[in-house]
Amino acid sequence: MLKRLQRKILLQKKVLGLILLLMAGVSYGQTTLSGNVTDPDGVGLPGATVFVEGTNTGTTTDVDGNFTVTAPSQSKNLVISFVGYATKVVPIGSKTSFTVELDLDTETLSEVVVVGYGTQKRTDLTGSIASASAEIIQERGTTNPVQALQGSVAGVNITNSTGRVGDSFEFTVRGKSSLEGGNNPLFVVDGVITDNIDFLNPNDIAKIDILKDASSQAIYGSRGSNGVVFIQTKGGASIPSGTNISVDTYYGVKKVARLPKMMSPEKWRDYHYSAYLGTTNNGAGMTEQEFNDVVASPSSNQALIDRFNSLEGFDWYDAVLKDALQSNTNININHRNGGSAYTLGIGYQTETGNMENEGLDKFNLRLGMDQEVSDKWKAGAQVNMALSVIERGSEVGMREAFRMNPFLRPWAVDENGNDIIGEYFPQPGKLQLPSQLGTNNYVLNKTSTWNPILEINNSNDETRQWNMIGSTYLQYSPVEWLTFKSTLSSGLKTYRRGWFSDLLTNSGNSQGINSQLEKVEDFNFTLDNQANVTKSFGNHDFNLLLLQSTFVRRIEGSELGSTNQPFAAGFYNIGSAQTANYTLGSWFRQNQLLSYAVRLNYTFNDKYLITLTNRWDGSSLLAEGLQWESFPSVALGWQLSEESFMRDIQWLPTLKLRAGYGQVGNNVVDPYSAVNNLDQTTYYDFNGSVVNGFIASSLANEKLTWEVTTETNVGLDFALFNYRVSGSFDFYDRLTDGQLLEQDLPLETGFDAGIKSNAGEVRNRGVEIQLNTINIQNNLVSWETSFAFTRNKNTIESIYGRKESDIGNGWHIGESVDALYYQKFDGIWQAEEAAEAASYNAAEGNVKLVDVDNDGDIDPDDRVILGSEDPSWTLGLTSRLKVSSFDFTVSLYKVQDVFVYSNWHANFVNMSDRGRAKFDVPSWYVPANEVGVTPQRSNEYPQPRNTGSFTNALYYRDASFLKVQNISLGYTLPVSVLNKIGIDYTRVFVNILNPFVFTDYEGWDPEYADASYNIQRVSSVTTQFGLNLKF
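Note that our numbering numbers the sequence shown so that position 921 is 921, with each residue one more than the last.
One or more of the hints may lead you astray.
Cβ-Cβ distance ranges computed for the label pairs, FRET-style [stated by the list, open to error]:
| id | residue 1 | residue 2 | range |
| --- | --- | --- | --- |
| 1 | Leu780 | Gly93 | 43 to 51 Å |
| 2 | Ile649 | Glu624 | 32 to 40 Å |
| 3 | Gly93 | Glu135 | 33 to 41 Å |
| 4 | Thr583 | Glu312 | 38 to 46 Å |
| 5 | Gly915 | Gly438 | 41 to 49 Å |
| 6 | Asn529 | Pro240 | 54 to 62 Å |
| 7 | Gln896 | Ala381 | 44 to 52 Å |
| 8 | Lys519 | Lys980 | 29 to 37 Å |
| 9 | Gln743 | Ile649 | 25 to 33 Å |
Lysine-lysine pairs mimicking DSS-like chemistry, simulated, CA-CA at most 30 Å apart [unchecked claim]:
| id | residue 1 | residue 2 |
| --- | --- | --- |
| 10 | Lys793 | Lys88 |
| 11 | Lys76 | Lys88 |
| 12 | Lys1030 | Lys378 |
| 13 | Lys430 | Lys535 |
| 14 | Lys493 | Lys535 |
| 15 | Lys322 | Lys894 |
| 16 | Lys88 | Lys980 |
| 17 | Lys793 | Lys803 |
| 18 | Lys322 | Lys261 |
| 19 | Lys76 | Lys803 |
| 20 | Lys980 | Lys1030 |
| 21 | Lys95 | Lys76 |
| 22 | Lys824 | Lys803 |
| 23 | Lys894 | Lys824 |
| 24 | Lys376 | Lys267 |
| 25 | Lys255 | Lys882 |
| 26 | Lys485 | Lys322 |
| 27 | Lys894 | Lys76 |
| 28 | Lys430 | Lys378 |
| 29 | Lys322 | Lys267 |
| 30 | Lys882 | Lys121 |
| 31 | Lys793 | Lys894 |
| 32 | Lys1030 | Lys121 |
| 33 | Lys76 | Lys882 |
| 34 | Lys882 | Lys703 |
| 35 | Lys88 | Lys1030 |
Since the hints were derived computationally from the structure, they do not count as laboratory data. A virtual CB, placed ideally from N, CA and C, is assigned to each residue, including glycine.
Construct all of the structure, not just a fragment, from the sequences and the given hints.
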């Protein structure tokens, strides 16, 4: 230990020696070693890897398990490995001949997974549970741990919501089950329940387990209806003896990528000419010069005419976009001495956006302690804290930048009309000379779009958020087979979000200097008391869990805003405005959940498995008398590979059949939905005076009860060819009944607000395939691949107890929750179709739609289901190749059959608008004319300004895509070198995130194509350089 400490102290002095050792080669005497490698039954293992520790010297065994290898004379150990068996380190000493027996890899075969209030060996599982290791999370190099799971786990769909720094990801397990009640899973971090894990540092995570089927989720009852995600952070009971330190860090540059091609100045001018044909009778009776003047400047301003003629464009992309930076550094210190274990984690992440005033700073602190007080008593505590500062910048800056046509510039002009570089003008499309300010005279009068640079520099949206989750437990084991445990856990989230707009913004122009401030405090605690009985009788193994749980959540918030403030001071000066300009409010919510649960796991002869679970939940959110519900489940497992008739099938070492049935609930409604609410904004005449009074604003639903999901799951776990191929198949059928919906009331009731009721059914059916292969494994090369395939069919079965669609809410019987319903685009009416177009009240150059019912009219009856925002299937593929000390990883993610209403296209392919920038469409309809504008007959888009009705049909787009998520190249320094300088492990790496996207979608990024274009951001490619150290 003393020598090791001295080596660490002298680390810096030995860096030069390390470099020399890497560069130099040393010759030693050689020794020939030979032997035989067998399995536990004494059968030789062909293809086992044998290498000399600390060198690149090695070999593989022959068909009988024999090997011969030449080793340097000072070599200490042989390292022998084989797929499906535990790696064994064999001391060489003075021996030259060896017989080595490898044991089955119990870490692989009996991996422990979290199942809720306990753990189980994976071989004993009867439910559908998926896992992701720290390696998967860290190799993706993401600042959000949820993003790292994308494409890694079958049955899980993760989508970037906006592309904006700091915004959350959408996370669903086995499809969307609820129409209005929310679809996010339950997150459990080291036993503490939380709404999300955005605040965690990905490098703090050791493992993630996901409960996907109802039989697994039933132990959480109503809280697990959308899946349960367990996050284990580094530390706890897994800490080895001694002190261990790890340092993980990377630095990255995020460059703008895949920018949509917009119209060039010349093409935009041609488009502009075409747009005016529709308002000038196709230019009849006008000369080209007259037409040009009308097009360029209806107010006869010369500036735009000159820019048209010279084709002088401005690059708005370059003006508002920039390279962004990111970094993440995390230090973990773990210590164990006997029965005492401690952990400390410190992390700092930072990331900037590709626009100014956008970024994320996140500070993490994690502390943990576990103490074996005696052979019967254990205690522990842990806390995880995070401070996140998120700058979302301007909400409309990106939008305004892309709206600017190439002939507009950001600069103000002097009296001669020359640009004043560096001095910005608020509305470049309504440019005025200094002497024209305050008049209706303009140098250029084309569009009122606001200057995006001023928007970005003079507005702000900042969130400062504290997250703290923690728990403490006391465990008592009076006898070996009985354990009592009480755990008190709590979570606290406080955030302050402020918005500010100065005068030089669009908002400031209409409301003066204005700002808003919102503050929220969200606190919850859970008290769990459980008893575990673990007992074996011969071939019978039992585990019984008894649980009582109390959960309380309290949320309060306030908001304040004002306009026409006298001076700019961000959102710290709200009170300076006049009283009449204030908006303010506050609110409070509280709810409780009381639960009891029992779970029995039984195994007979390690072959036959059964899990029985029941949880009783009582919720304060629901109507009195209907607050309690029972959520039962049963799951069976059969280890077919342990049967005598399977033991001779050597190529199939593992085969297990699983089947489960269970129910879980959902009570995600606003507190007090089951009671009447009062509205104070009602005024009465009382003795000639106007007084404020109360009136019932909503009708109580005395029958409001649980939304219940019933699921059947059938699965198969397998391993083939000495565990070179392994995986699982799952089929599931989930029916969610009693959907919690807002139901409209007849106006005769006197209530204009709806009533929350149980009124709908949603079904999800799907297939999941998780497949892992070891393609090559020897002393020099290792190549592994993993596949995660999901196919999910989501349908609405009924609404309000009837098999009738609710078109107003976009809910269609037999279709997806997120189905899109509109007329179908069928091209552009051409000149030769003018007569037919007229019969539909359209003209040549208008959008053509499909007449579904063939009644000669385009009306609402011609609407059809165009597609769904939810993919029909997804596929994730990861390939990991290791050659000597180098490792190379590639991850791909495929999403198929996603259809969206594209807000991007609605803005930048809107042919009726003349003043904005336009996507570089291949062609648009140009009619015959007299002014020299060339007609086009290969038309994919309508005639500008004359598009007719139903142009929205143009904006429904297929957003399917294939992304190369990550390419990683790493190098691990040899252990023989590192031991000399007191380091256990060193790896340097380069990651490239999202280097390629293959899609037909033309906007910024297909993954968040359905998001509001105000908050969508451009795609980017990130290159990271990083280092992993262990001491």
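Results for each hint:
no., hint, result
1, Leu780 x Gly93: 43 to 51 Å, "violated, 26 Å"
2, Ile649 x Glu624: 32 to 40 Å, "violated, 59 Å"
3, Gly93 x Glu135: 33 to 41 Å, "holds, 34 Å"
4, Thr583 x Glu312: 38 to 46 Å, "holds, 45 Å"
5, Gly915 x Gly438: 41 to 49 Å, "violated, 22 Å"
6, Asn529 x Pro240: 54 to 62 Å, "violated, 31 Å"
7, Gln896 x Ala381: 44 to 52 Å, "holds, 47 Å"
8, Lys519 x Lys980: 29 to 37 Å, "violated, 55 Å"
9, Gln743 x Ile649: 25 to 33 Å, "violated, 57 Å"
10, Lys793 x Lys88, "violated, 47 Å"
11, Lys76 x Lys88, "holds, 14 Å"
12, Lys1030 x Lys378, "holds, 29 Å"
13, Lys430 x Lys535, "violated, 82 Å"
14, Lys493 x Lys535, "violated, 41 Å"
15, Lys322 x Lys894, "holds, 28 Å"
16, Lys88 x Lys980, "holds, 23 Å"
17, Lys793 x Lys803, "holds, 18 Å"
18, Lys322 x Lys261, "holds, 17 Å"
19, Lys76 x Lys803, "violated, 75 Å"
20, Lys980 x Lys1030, "holds, 14 Å"
21, Lys95 x Lys76, "holds, 11 Å"
22, Lys824 x Lys803, "holds, 25 Å"
23, Lys894 x Lys824, "holds, 26 Å"
24, Lys376 x Lys267, "violated, 80 Å"
25, Lys255 x Lys882, "holds, 29 Å"
26, Lys485 x Lys322, "violated, 54 Å"
27, Lys894 x Lys76, "violated, 47 Å"
28, Lys430 x Lys378, "violated, 73 Å"
29, Lys322 x Lys267, "holds, 26 Å"
30, Lys882 x Lys121, "holds, 29 Å"
31, Lys793 x Lys894, "holds, 17 Å"
32, Lys1030 x Lys121, "holds, 28 Å"
33, Lys76 x Lys882, "holds, 24 Å"
34, Lys882 x Lys703, "violated, 61 Å"
35, Lys88 x Lys1030, "holds, 22 Å"
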